[in-house]
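K.L.:
Please construct the entire structure, taking both the sequences and the accompanying hints into account.
Same order as they appear, the protein sequences are chains U and V. Sequential numbering from 1 applies to the first sequence in my numbering. Sequential numbering from 1 applies to the second sequence in my numbering.
If you are wondering where the hints come from, they were derived from the structure by calculation, not from laboratory data. Ideal Cβ placement from N, Cα and C applies to all residues, glycine included. There could be a bad hint or two in this list.
Claimed, not checked - Sample of chain V residues with no beta-carbon within 10 Å of chain U, all distances over it, derived:
no. : residue
1   : Met1
2   : Phe27
3   : Ala29
4   : Asp30
5   : Ile46
6   : Trp49
7   : Val50
8   : Thr112
9   : Trp142
10  : Glu156
11  : Asp165
12  : Lys243
13  : Leu260
To be verified - Partner residues are not named here, just some residues of chain U that face chain V (Cβ under 10 Å, in silico):
no. : residue
14  : Leu108
15  : Leu121
16  : Ala187
17  : Trp192
18  : Trp194
19  : His213
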Amino acid sequence: MMVTWDDFAWFAAVAVVLWALGAVEAFRRHGRWAVASTAVGICVYAAFIVAFWAGLHRPPLRTIGETRLWYALFVVAAGLVTYLRWRYRWILLFTTVMAAVFAAMNILKPEIHDQTLMPALQSVWFVPHVTVYMFSYGVMGCAFILGVANMVTRSADYLRTADSMVYVGTAFLTLGMLSGALWAKEAWGDYWSWDPKETWAAVTWGLYLMYMHLRLRCQNRHARLAALLLVAGFAGLQMCWYGVNLLPSAQDSMHAYSQAAG
Amino acid sequence: MNKSRIYVAWVVYLVVACLCQALFGRFPADAFAFPVNVAIMLLWVIASWVVYRERKPAWLATLLLSPQTTFILLAAFVAVSLIQGFHSTGLSSAWWLVAVIAALLTHLLFVTMRGTRRDRSRLARFLLIHFGVLLAIGGGFWGAPDTRQWRMAVGEKNPTCEAIDSKGRVTYLDHELRLKHFNTELYPDGTPKSHAAKIVIDGKDEATLTVNHPYALSWKDDLYLMGATPQYCIIGWVSQPWKYVQWVGVWMIMAGAVLLFVQGAGHKTIKGGQT
Chain U
1 MMVTWDDFAW FAAVAVVLWA LGAVEAFRRH GRWAVASTAV GICVYAAFIV AFWAGLHRPP
61 LRTIGETRLW YALFVVAAGL VTYLRWRYRW ILLFTTVMAA VFAAMNILKP EIHDQTLMPA
121 LQSVWFVPHV TVYMFSYGVM GCAFILGVAN MVTRSADYLR TADSMVYVGT AFLTLGMLSG
181 ALWAKEAWGD YWSWDPKETW AAVTWGLYLM YMHLRLRCQN RHARLAALLL VAGFAGLQMC
241 WYGVNLLPSA QDSMHAYSQA AG
Chain V
1 MNKSRIYVAW VVYLVVACLC QALFGRFPAD AFAFPVNVAI MLLWVIASWV VYRERKPAWL
61 ATLLLSPQTT FILLAAFVAV SLIQGFHSTG LSSAWWLVAV IAALLTHLLF VTMRGTRRDR
121 SRLARFLLIH FGVLLAIGGG FWGAPDTRQW RMAVGEKNPT CEAIDSKGRV TYLDHELRLK
181 HFNTELYPDG TPKSHAAKIV IDGKDEATLT VNHPYALSWK DDLYLMGATP QYCIIGWVSQ
241 PWKYVQWVGV WMIMAGAVLL FVQGAGHKTI KGGQT
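P.N.:
Below, the structure is given as structure tokens:
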């Protein structure tokens, strides 16, 4: 049986229910059930992506809608890892809400198209570039939640956890950006051309580097500034992902296919 | 040099860059083509090494090694990138961008020199990332005046060496190209699946160009398939002698990023203002 986009709502519903159950169990301090439920939800959701990929005969990474698929998966996965490592009871609730929002957006406004993959996207860099980016977006989504938690509670613990998330997220952000640079050289002749999408990637990267250097130097001083940088970095990611398509500067972008893609 | 003077020094530097932009317009990058760029780069490296080693003038060494400088220059980099991000035309030759990247590279050079001479944990990660960024951005910065991009409309009838550069000027290149065959494979719904252009270079060598697969014409020149019409195909000709420097830098940073993921934050207290 071939899995098509029409099946997404069922897979997403099951996955979101399982993630929500996991979030509830985490609040009830039933750690094992929380982990098991969330993990099974991730497997259900990942199974859809794998089967959809097979049915589509190309990686489902071309359109904004397709990248949202991955984001929902990675943000919950990052939340689960954070929960396993630091046992924040509330993190699964937030990642579940974020993933549910993105899954709902895909149901209401799918932007999933046909099996075609334009020549420009047929590159060995396509899958690593986009998946690595989406993974970093998911991890940075968790860091953003921790930054907001720090702003609300003023607890330094959240920023210490955010440090770990930002190191992981920045590592993947860097790999995503540079795999894009290597791809750009093969496709357009230059590693970097200050295209709007590239420029916003640079802005985001710079913001996270500011966070890392601030934390490295100042430890727990300037915590509010650090938390603000997490929020600004997350806003930069959203611009880089889809917000840039709304700007007039993006009309002549070499990433013009990303009016539909991520 | 105290903290507030460091902030003042960088604000003055950036204001001067903005004034240059207002007074002179675009940065004259073409004036720094080889060998001028190499000569200035060598002077820059040697001068930086002397200032770093001798710590003279002391204020300059302090300025370029201070953690405040890291933060200010990263913030300035974000700011100029934001201007770029919201602007509809390319500002890559604006004075303020050149000034920020030049300062960032100089600071990076100082920090990297200090990093090599200190016994620090995660030295490999530090060097891969910082030296990698130095090469990747430095290669783009110093190599920009030597980078040339042309577009050529290459048809089947007559070989051509006429090209248009990025400023719209017509020029004649060293090799003649002729289109031998162009093929487009389509999906069932009629959208293109692949393009392939077979071209003849100087009447003898044949090359097949496809999207994402450039043809290496020489150590610095590559040909790209950029588009096609029924009559001719558009070939991009890129001459970029510094691409190898950037390539090494990019892979060094990627290796450093893997170490960043593997080694993580660590929460080790670092004293003495190291960044």
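K.L.:
What hints, given by number in increasing order, does this structure fail?
P.N.:
Failing hints, ascending: 12, 13 and 14.
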